[in-house]
Amino acid sequence: MLNQKKYTFSILLLFLAVVLTGLLNISLGSVSIPISEVTSSLLGFEVEKETWRYIVLNYRLPKAITAIITGSGLAVSGLLMQTLFRNPLAGPYVLGLSSGASLGVAIVFMGASVFGASFAATLLSKWSLVIASSLGSLLVLFAVILASIRLRDTMAILIIGLMFASLTAAIVSVLAYFSPASQLQQYVFWSYGSLGDLSWDEVMILSLFWIVGLLISIGSIKNLNSLLLGEQYARSLGTNIKRNRFAIIIATSLLAGSITAFAGPIAFVGLAVPHLIRQIIPSANHITLVPAVIFGGAILMLLCDIIAQLPGSEFSLPINAITSIIGAPVVIWLLVRKRKFNF
Amino acid sequence: MHTNNSNSVLKTDNLSIGYRKKSKAQIIASGINIEVNAGELVAVIGVNGAGKSTLLKTLSGIAQSIDGQVFIDSDKLEKIEADNLSKHISLVLTEQMISKNLSVLELVALGRQPYTNWIGSLTKNDLKKIMHSIRLVNIEEIKNKKCHELSDGQFQKVLIARALAQDTSMIILDEPTTHLDLYHKAYVLKLLQKLSKETGKAILFASHEINLALQLCDKLVILKDDKALFGTPADLINDNALDDLFPENLIQFDKKTSSFKIK
Chain A
1 MLNQKKYTFS ILLLFLAVVL TGLLNISLGS VSIPISEVTS SLLGFEVEKE
51 TWRYIVLNYR LPKAITAIIT GSGLAVSGLL MQTLFRNPLA GPYVLGLSSG
101 ASLGVAIVFM GASVFGASFA ATLLSKWSLV IASSLGSLLV LFAVILASIR
151 LRDTMAILII GLMFASLTAA IVSVLAYFSP ASQLQQYVFW SYGSLGDLSW
201 DEVMILSLFW IVGLLISIGS IKNLNSLLLG EQYARSLGTN IKRNRFAIII
251 ATSLLAGSIT AFAGPIAFVG LAVPHLIRQI IPSANHITLV PAVIFGGAIL
301 MLLCDIIAQL PGSEFSLPIN AITSIIGAPV VIWLLVRKRK FNF
Chain B
1 MHTNNSNSVL KTDNLSIGYR KKSKAQIIAS GINIEVNAGE LVAVIGVNGA
51 GKSTLLKTLS GIAQSIDGQV FIDSDKLEKI EADNLSKHIS LVLTEQMISK
101 NLSVLELVAL GRQPYTNWIG SLTKNDLKKI MHSIRLVNIE EIKNKKCHEL
151 SDGQFQKVLI ARALAQDTSM IILDEPTTHL DLYHKAYVLK LLQKLSKETG
201 KAILFASHEI NLALQLCDKL VILKDDKALF GTPADLINDN ALDDLFPENL
251 IQFDKKTSSF KIK
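The listed protein sequences derive, respectively, from chains A and B.
For the first sequence, my numbering gives the first residue as 1, with consecutive numbering after it.
For the second sequence, my numbering gives the first residue as 1, with consecutive numbering after it.
Just so you know, these hints were derived from the structure itself, not from any lab.
For each residue, glycine too, the CB sits at the ideal point set by N, CA and C.
Misleading hints may appear alongside valid ones.
Chain A side only, calculated, beta carbon under 10 Å to chain B, not exhaustive [unchecked claim]:
no.: 1; residue: Lys222
no.: 2; residue: Gly230
no.: 3; residue: Arg235
no.: 4; residue: His286
Covered stretches of chain A (in silico footprint by chain B; criterion: 3 or more residues with CB under 8 Å from a CB of chain B, positions within the stretch not fixed) [stated by the list, open to error]:
no.: 5; region: 236-249
no.: 6; region: 275-285
When you get a sec, could you build the whole thing from the sequences and use the hints?
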């Protein structure tokens with residue numbers, strides 16, 4: 001708002017950090033490729049080995065782009081939720097979106113055994129998972145929107161989101177109880193999250209949702225700022241509360257729903273990144289916070305992915321575990337250090 | 001009362017206030033005829049539950065009236081669009097969950113929202129209005145502080161500066177002196193009096209500070225027994241309007257000193 005120029009520099013630095021961590025992410029992996037060869041393959045120049053070019057362009061680059069989309073999308077939806085619910089502990093998870101997605105996936109995995117083995121094979125394709133988790137998120141989304149039309153109180157919507165989360169978690173555990181071990185294992189693997197399984201087509205579809213979600217978020221910046229004063233003040237400043245709330249919920253669902261569908265339920269990024277950014281940029285203005293959080297989320301996710309793939313080794317750890325291992329201590333550290341969350 | 005005063009900023013015509021439960025209307029007060037002119041400071045007085053908040057909510061368009069009319073700058077309140085109303089009335093509310101991570105400047109600047117573009121960027125004119133409001137309430141030294149660093153009295157001044165920056169003909173404040181000590185209660189009300197005279201804005205506030213309001217306000221609205229009495233402090237005292245405001249077993253109005261005393 002006023003110290004805007006001061007923060008432009010920080011945002012530029014964050015952008016530069018995204019480019020650097022992106023390059024680092026692409027250049028590290030189980031096969032070691034010299035960084036000059038990585039840039040050559042990215043820029044379309046002559047590369048020493050054709051397999052290097054293939055690995056970079058068809059495996060590492062889509063994975064890095066997925067990491068950027070996942071991190072920035074989840075972080076922005078976290079910021080939107082924290083401002084909308086005026087709750088520093090809100091994230092894309094509070095609306096129950098990922099619980100809905102988990103339910104959809106759990107029904108596909110564990111319900112597949114009911115229909116017999118031959119049918120299970122077609123049911124367990126990548127796309128049926130994406131469709132199931134999107135349907136699950138949408139189901140919860142519609143319930144939340146219905147609630148938001150009926151209820152004036154934003155806090156009530158938050159509680160309804162939490163109720164949906166525990167309801168779907170309960171249904172998932174009932175399904176798990178009656179499922180054979182092999183199906184249960186597949187579900188567990190999905191819930192670990194994964195950035196690397198996306199083809200270019202899938203990356204394109206995911207980025208379409210991402211762009212629309214981000215555009216709605218950017219369009220809501222002014223109204224998000226007025227929400228910092230509370231709903232009554234926002235209304236007295238001419239903000240259409242219901243339309244604004246609707247736009248924010250749609251943006252969050254598009255972002256969190258599509259990301260969960262393609263990359264699995266990834267925890268903590270949505271909650272932790274807005275708080276980390278507030279440590280670097282002490283502004284409450286969303287004109288600064290939204291771009292900073294986009295870049296911050298991308299950086300965190302790229303770093304987590306670098307750690308997850310354990311450079312130089314053939315192992316790779318589940319991405320969801322890494323984000324939680326980094327995210328949880330960060331939130332604890334913030335709580336202990338500041339004693340009080342400001343949002 | 002003047003019916004066609006050109007300085008009239010807010011006027012009500014036989015207004016009834018209350019709330020609707022399903023289709024049944026529950027009336028709290030009716031037959032309210034008040035008029036607030038430019039440059040006037042007016043207090044709404046009444047015991048707890050008399051309908052002060054409901055009256056302010058109805059006048060600022062948050063709650064619907066049961067019957068009668070409200071005119072803002074001689075337009076019917078119900079005909080004014082929400083985003084246009086924000087250029088007529090600004091509010092100072094109590095007990096709101098305001099993000100204390102905002103700096104004083106950022107909070108005051110939010111008052112310019114009705115005038116800024118789609119992304120909320122401030123023009124030179126906006127900045128001028130913001131700095132002018134900050135100077136008017138005398139908070140220049142704390143303008144770069146975060147709101148969680150401020151005392152209750154300072155924060156109240158910041159909220160008033162935000163309302164000033166909104167550049168409306170009318171400011172409505174809901175109990176602006178709660179949580180403040182006696183000095184700051186007097187300071188804030190005195191500031192409101194000064195602002196109404198210097199800026200020519202109409203300022204209406206609800207308060208329990210009857211003794212201070214009697215001394216500082218141009219007019220008072222007294223909500224009592226489902227009705228509203230309206231007039232200058234002197235007229236209201238002459239009409240014995242204050243005598244039975246409270247149950248008489250504890251507090252009594254003393255005409256000589258124009259203040260309430262414990263019996």
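How the hints compare with the structure:
At about 4 Å, the closest approach between the beta carbon of A/Lys222 and any beta carbon in chain B falls short of 10 Å, and the interface hint on this residue holds. With a cut of 10 Å, the hint placing A/Gly230 at the interface with chain B holds, because the nearest CB-to-CB distance is about 4 Å. A hinted interface residue such as A/Arg235 counts as satisfied when its beta carbon comes closer than 10 Å to some beta carbon of chain B; here the least separation is about 7 Å, so the hint holds. For A/His286, the shortest C-beta to C-beta distance to chain B is roughly 8 Å, which falls under 10 Å, so the interface hint holds.
Closer than 8 Å: that is the beta-carbon criterion, and the region 236-249 of chain A has 5 residues meeting it against chain B, so the requirement of 3 holds. Counting residues of the region 275-285 of chain A whose CB lies closer than 8 Å to any CB of chain B gives 5, which reaches the minimum of 3, so the coverage claim holds.
Going through the hint list in order, the structure satisfies each hint without exception.
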